[in-house]
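Asker: In the order they appear, the protein sequences are chains A and B.
For this note's numbering, add 420 to where a residue sits in the first sequence, where the first one is 1.
For this note's numbering, add 772 to where a residue sits in the second sequence, where the first one is 1.
Fair warning: there could be bad hints in the mix.
Derived pair list, reagent style BS3-like, types lysine-lysine, alpha-carbon separation capped at 30 Å [unchecked claim]:
#	chain 1	residue 1	chain 2	residue 2
1	B	K827	B	K838
2	A	K518	B	K827
3	A	K423	B	K786
Since the hints were derived computationally from the structure, they do not count as laboratory data.
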Amino acid sequence: DAKTTQPNSMESNEEEPVHLPCNHSTISGTDYIHWYRQLPSQGPEYVIHGLTSNVNNRMASLAIAEDRKSSTLILHRATLRDAAVYYCSHVPYNQGGKLIFGQGTELSVKP
Amino acid sequence: GAVVSQHPSWVICKSGTSVKIECRSLDFQATTMFWYRQFPKQSLMLMATSNEGSKATYEQGVEKDKFLINHASLTLSTLTVTSAHPEDSSFYICSARDEGEYTDTQYFGPGTRLTVL
Chain A
421 DAKTTQPNSM
431 ESNEEEPVHL
441 PCNHSTISGT
451 DYIHWYRQLP
461 SQGPEYVIHG
471 LTSNVNNRMA
481 SLAIAEDRKS
491 STLILHRATL
501 RDAAVYYCSH
511 VPYNQGGKLI
521 FGQGTELSVK
531 P
Chain B
773 GAVVSQHPSW
783 VICKSGTSVK
793 IECRSLDFQA
803 TTMFWYRQFP
813 KQSLMLMATS
823 NEGSKATYEQ
833 GVEKDKFLIN
843 HASLTLSTLT
853 VTSAHPEDSS
863 FYICSARDEG
873 EYTDTQYFGP
883 GTRLTVL
């Protein structure tokens with residue numbers, strides 16, 4: 421199974437950058453790394469995904485280690501609306517796009 | 773952006789009844805949809821993979837006769853919880869896979885809160 425390890429919780433101050441780490445030591449060479457976030461009582465929201473090189477979009481940046489066994493989701497300026505549970509996952513190429521979620525990191529943002 | 777809807781958003785039913793939950797991809801076609809269950813303060817647990825026009829694939833430990841999945845079109849998958857019991861009370865979430873030449877991303881519905889009395 422595609423297993424990921426994340427810290428249970430992290431705290432950040434508003435308008436400061438946040439680096440959310442994820443270990444995915446069982447990742448295979450063709451597995452994509454995906455990040456989602458979930459607000460209470462809502463479905464997860466797609467944040468970003470990547471394969472090897474770092475990726476940026478309007479929500480966040482994804483930094484992938486050279487050996488791909490870890491990645492970091494970077495929120496450049498945390499806002500109160502970024503408080504959520506963040507999940508990373510890697511998607512095995514031969515399992516039909518199946519996402520397996522770990523426990524995630526609960527991010528709290530202080531004003 | 774890609775939008776996935778679920779209906780109903782919440783449902784309360786009596787023990788022994790069946791409940792159907794719909795999942796629709798509104799602006800893209802999804803050959804593959806997924807169903808998850810989430811208990812309070814826990815992560816999402818994948819229940820099954822739903823493929824349009826074929827039988828669903830269930831994860832280990834998920835009873836296929838209890839959780840009936842139908843994926844009759846490229847924009848609709850349904851999950852029916854048959855003979856629901858209080859232990860089936862949970863937050864059920866679907867996702868739809870947007871798979872194209874340059875993309876492969878799952879988009880999630882808003883979830884359905886099921887309470888079985």
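Asker: Confirm or reject each hint.
Answerer: Now for the hints, and whether the structure bears them out:
1. B:K827 - B:K838: Distance of about 14 Å is within 30 Å: holds.
2. A:K518 - B:K827: holds (16 Å)
3. A:K423 - B:K786: violated (37 Å)
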